[in-house]
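One line per chain: the protein sequences are X and Z, in this order. Take -9 as the starting number for the first sequence in my numbering and just add one per residue. Take 47 as the starting number for the second sequence in my numbering and just add one per residue.
All clues stand as given, with none of them false.
Okay, derived cross-link-like pairs now, DSSO-like style, lysine-lysine, Cα gap no bigger than 30 Å in a straight line:
(1) Z:K58 <-> X:K288
(2) X:K83 <-> X:K273
(3) Z:K58 <-> X:K370
(4) X:K78 <-> X:K106
(5) X:K176 <-> X:K370
(6) X:K370 <-> Z:K60
(7) X:K393 <-> Z:K58
(8) X:K370 <-> Z:K56
(9) X:K393 <-> Z:K50
(10) Z:K50 <-> X:K372
(11) Z:K60 <-> X:K372
(12) X:K2 <-> X:K176
(13) X:K372 <-> Z:K58
Derived from the structure by calculation, the hints contain no laboratory data.
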Amino acid sequence: MPHYENIPYPFKRPLELDGKSQQLYPVAIVGAGPIGLSMAIDLALHGIRSVVLDDNNVVSVGSRAICWAKRTLEIFDRLGVADRMLEKGVTWKVGRLFHGEEEVYNFDLLPDDNHKMPAFINLQQYYVEQYLVERTQDFPDLIDLRWLSKVTDEELEDEKVTVSVSTPEGNYTLDAEYVVACDGAKSSVRERLGLPFKGHTFEERFLIADVEMEQSPFPDDETHERWFWFEPPFHNGQSALLHKQPDNIYRIDLQLGPEAYPEEEAKPENVIRRIKQVVGDRKFDLDWVSVYSFTCAKLDRFIHDRIIFVGDSAHVVSPFGARGGNGGIQDVDNLGWKLAAVLKGAAEPALLESYHEERSHGSAENILHSSRATNFMTPKSKMEAIFRQEVLNMAEHLPFARKLVNSGRLSAPCSLADMALQTPATSPTSIPPGTVCPDAAVTQNGKRGWLLNHLGGEFILLTTGEAAKEYDPEGLKKLHVSASETDETDELVDVTGTIIAEFGENKIYLVRPDQHIAACFDLSEVECLPTALRRANAGSMMEAAE
Amino acid sequence: MTEKLTGEDKLKDKGDDFYELLITAHEGLEYDESVALNARLVLILANEIGDIEVLAAALRTATDK
Ligand SMILES: Cc1cc2nc3c(=O)[nH]c(=O)nc-3n(C[C@H](O)[C@H](O)[C@H](O)COP(=O)(O)OP(=O)(O)OC[C@H]3O[C@@H](n4cnc5c(N)ncnc54)[C@H](O)[C@@H]3O)c2cc1C
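All chains should be modelled from the sequences, with the hints used to inform the complete structure.
The structure is reproduced here in structure tokens:
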């Protein structure tokens, strides 16, 4: 019995079905998974209206994605949903890697007191989607979320796309300026456009099971760990993973080998037998079981005229490293402000091209890392198996070998350095443009807060040091970070000294609406700022303080 | 002499790149061909290191004697 009860959302008869609406929607979003929902919220925060169409009427069945990385949580925080996720989620810290019976090494993801968000939380995808659905309800005038509405066709015209929708009460069409395809790994939008989805499918099968279990398998009930085995002693496959989720649910992944029969393996009696080998005599209930094989693939181009691909419809990865959902949320973060600026006429459609450039690069990096991890887990020849065996044998004593052990490189944002929107820095002492602005504890008016909560949503000029304080160009929101307590109520105070240390003194940073650094200048270079701002908007003169 | 190498990590963020190159070089080879490739590689790397003390320590580390 699944612990989480999926409550169906109601179908509401849209005006279009009765021919009562001829309106042009700025954006139609296909799919209300984590990516489509986040997309609608991000656009709404920019004041852009969207209609979201989903063929289903429940959130994710089964937990699927469980690991959400720091950068994703920072984005969710900007979207206004992170607090609930942190409260419900399991923050895990300690990871242990075993080879057979032996522990090879462990790591501790120490919380960084200077960052609001932890390195990772575990939270079932159904909770993430539920919280996002509830957040969309804060924007009744901007988000029109339609369940049981399957998109069956899209017709590209000069100024719009006509979308065909099929519902239990009949079919209709609606017009949108842009279509954002968030319809997942099997994207039918992608299929209808005939776009190749090139990549690699791994033959290996994995059993993924969630079990509800009162008694923790970890030595310390309070410390949530992640255990990964190569050649686990309790089953004859190549690897196994054990991970804690909220509600006393544990995720167990077992690598079954390429010859396994999915239907046979997914039978409860076989699953229960295997899980007993992992958790011993502890009492447990099966919550969700699935047998997977994984593909790493991506589209060549994420933008096709007025149709934009975001999330799994644009790229899929194997789950080692948790780069699927996390990568998709970064797509949203990257596209939201650009699409909003283009729809408002504040930027040329050329700005959208940078979404393709930046996120196609990001997803290629995610695919590289998750393919390598999957390869390490599935040696394909005797020699490859020997190399892996010896890496594992040496890992306990030789640090270099430990670094080669690959059970997944955990999701981290890619660098956007040297891409079209970023202006290379002349000074090596700053944080490089293209990087996400690192978080830091700050105070404002004596109240504690976080740097990232003051950034995002629009272009902001961040200045550090006394000399840069006076620089205040017209038309751009400015935020000054002061090294010590100040009387200025709008300034931030660098309470721990890390901002000045990391960002440098008397620096001027141009921070994008997605909290990435677009440019960094010394005070002597301020005349370059207008050019950098224009470049960060793909040549458009955008009113930053819109 | 019991001196061994400490095995500190020198490849840094290029470790995964190297491992991929290594595995790719072996792709499609018969087992014997792979063994021969390894032998050539050891000899070439030894020459590049060019320091008999380091090589002796590496051998002791690998054979764990
Ligand atoms: C076992 C497993 C473990 C994973 N673990 C992690 C993890 O730990 N961390 C992580 O970040 N990622 C993980 N992932 C990946 C993650 O689940 C996906 O990346 C994520 O779901 C992608 O979200 P999406 O919104 O793009 O697509 P989906 O979640 O697939 O949502 C697509 C939505 O579109 C709807 N739809 C489809 N076609 C149509 C249509 N024609 N009309 C209308 N609606 C349509 C679907 O009903 C669905 O609601 C995991 C995946 C699996 C399978």
